[in-house]
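Which chain is which? The protein sequence lines are U and G, in order. For the first sequence, position 150 matches number 149 in numbering that gives the first Met the number 0, and the numbering has no gaps at all. For the second sequence, position 47 matches number 46 in numbering that gives the first Met the number 0, and the numbering has no gaps at all.
Worth flagging that the hints you see were computed from the coordinates, not collected in a lab. Backbone N, C-alpha and C define an ideal beta-carbon position, used for all residues, glycine too. One or more hints might be untrue.
Unchecked claim - Reference listing, derived: stretches of chain G covered by chain U, where coverage requires no fewer than 3 residues with Cβ under 8 Å from a Cβ of chain U:
#1 8-22
#2 240-253
Said to hold, decoys possible - Straight-line alpha carbon distances no greater than 20 Å define the calculated EDC-like cross-link-like pairs of lysine to aspartate or glutamate that follow:
#3 G:Lys92 with G:Glu53
#4 U:Lys144 with U:Glu132
#5 U:Lys144 with G:Glu110
#6 G:Lys92 with U:Glu121
#7 G:Lys124 with U:Glu121
Unchecked claim - Just a sample of chain G residues kept apart from chain U, beta carbon distances all over 12 Å, derived:
#8 Ser1
#9 Gly39
#10 Thr77
#11 Ser152
Take a look at the letters that make up each chain.
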Amino acid sequence: MYEWDFSVIPMNADLLIMGLYGTIKVFVSAFVIGFPSGLILALMRLSRFKIISIPIGLFIDFLRSTPALILLFWFFFAFPIIIGLMIQAFLAATLTLAIVAAAFYAEIFRAGINSIERGQWESASALGMTRLELLRRVILPQAIKRMIPAFLERTIELLKTTPLMAAVAYSDLLFQAMDIAQKTFRPLEVLTVVAGIYFMMIYPTSLGVRKLERKLAKSGESTVH
Amino acid sequence: MSAILSIKEMKKSFGSLDVLKGIDLEVKESETIVILGASGSGKSTMLRCINFLEMPTSGEIHLNDELVGTVRGKGENTNITYRESDLCSLRTKVGMVFQQFNLFPHMTVLENVMEGQVTVLKRKKIDASNRAKEQLGKVNLLDKIDQYPSHLSGGQQQRVAIARALAMDPKVMLFDEVTSALDPELVGEVLQTIRSLRDEGMTMLLVTHELGFAYHVADRILFLHEGQILEQGTPQDILFHSKQARTKEFLKGHAAFSLPNPETD
């Protein structure tokens with residue numbers, strides 16, 4: 000019978016907190032870069048000019064069908080060979096997470112923008128709005144409301160991808176946990192607690208999303224399922 | 000009086016399908032023109048080409064004697080290109096109301112009517128709000144200004160849409176089957192609004208299936224057939240003394256099930 004001993008956790012709390020900070024730092028950075036980039040990619044994919052829309056479409060599809068871990072290794076190992084510059088683990092991790100998230104956000108933006116009825120585009124145009132004005136004032140405010148559940152879902156996915164970054168020795172929560180586990184020979188306790196921390200970050204958000212989805216569905220504004 | 004809007008040789012094709020085969024039209028100031036025609040005759044496309052919601056394949060549009068678009072090239076090789084700014088500036092002068100109302104659902108009635116004024120015309124909010132209230136007063140909706148469109152009846156929504164277009168102070172108004180999506184009971188209030196506009200001297204082009212309304216408000220009726228103006232004239236000319244077999248056939252179809260007059264039958 001295995002004897003659980005959670006005393007290693009408070010003893011190494013400072014390391015865990017450092018790891019948690021690393022996780023949050025890379026998550027927030029990737030989101031701050033990835034979310035607006037997603038909008039820009041979506042608008043480029045929706046461009047009337049095929050010379051823009053087709054390559055951007057391919058780029059998005061490529062990112063969506065490539066494992067994030069491979070991109071991470073690519074940025075961390077291959078990129079420095081090409082440009083001859085060592086890249087920090089944090090930068091490689093942020094770049095990877097941000098562009099993968101951007102590709103997925105772009106598809107949500109695109110679906111949301113496309114879901115707005117043609118009549119909205121036409122009546123805004125008929126008032127004399129430029130394409131940018133009508134996107135900003137008429138289309139996006141309606142589209143974003145419909146996209147909120149999908150965005151939150153995707154953002155949770157982003158947070159759940161962050162442990163991959165431990166693979167290039169980025170000191171996130173998982174990386175620190177493995178470190179502690181190796182030092183203390185208590186991997187079960189450490190991993191249980193770390194799983195618990197992720198759960199406590201994500202579960203309340205998931206519940207919130209579900210509640211919001213139900214609310215939006217009731218008022219008939221959600222079209223993204 | 001010179002034409003406020005003149006259309007020359009306007010053509011529109013969708014792929015190999017020629018929807019408009021050369022429309023020539025001079026619209027005088029304060030004139031009300033009703034466009035009739037079977038579905039597929041090109042009447043909606045014609046309206047939509049006038050404010051470039053559809054790009055005409057060829058032809059010219061002049062508003063107040065000014066060519067819409069920018070002429071490029073010299074001599075034989077001139078062509079007209081349309082920049083976004085050309086089209087936006089035209090559209091602020093040519094208002095349009097649609098069959099499906101197309102109000103902005105995330106804005107209140109007042110915000111709907113203010114939106115174009117603030118975003119496009121760069122009016123101050125207070126001025127836009129005053130102008131919006133003035134227009135909404137004219138369509139009897141002042142008590143609804145803080146409501147969202149989804150809480151209004153179809154007829155009320157359409158009147159907001161009219162107020163929204165008018166608040167931009169357009170020179171010409173286009174109405175594309177604006178009563179076709181309404182319950183019969185609500186058609187009247189919208190038609191009343193359009194009629195009072197006509198009485199104020201607004202220049203208007205209307206596509207409608209309401210022949211009675213066309214008879215009462217039109218200065219001129221155009222009958223469109225296969226992308227061309229087959230016949231035009233006063234309501235009397237077209238509705239009662241049409242010279243074209245196709246027009247007569249169209250009118251007969253419309254009259255097939257009208258109510259008999261209890262006084263005479």
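Each hint, compared with the structure:
no.	hint	verdict
1	8-22	violated (count 0)
2	240-253	violated (count 0)
3	G:Lys92 with G:Glu53	holds (17 Å)
4	U:Lys144 with U:Glu132	holds (18 Å)
5	U:Lys144 with G:Glu110	holds (18 Å)
6	G:Lys92 with U:Glu121	holds (16 Å)
7	G:Lys124 with U:Glu121	violated (24 Å)
8	Ser1	holds (24 Å)
9	Gly39	holds (19 Å)
10	Thr77	holds (24 Å)
11	Ser152	holds (18 Å)
Checked against the numbered hints given earlier, the structure breaks hints 1, 2 and 7 and satisfies all the rest.
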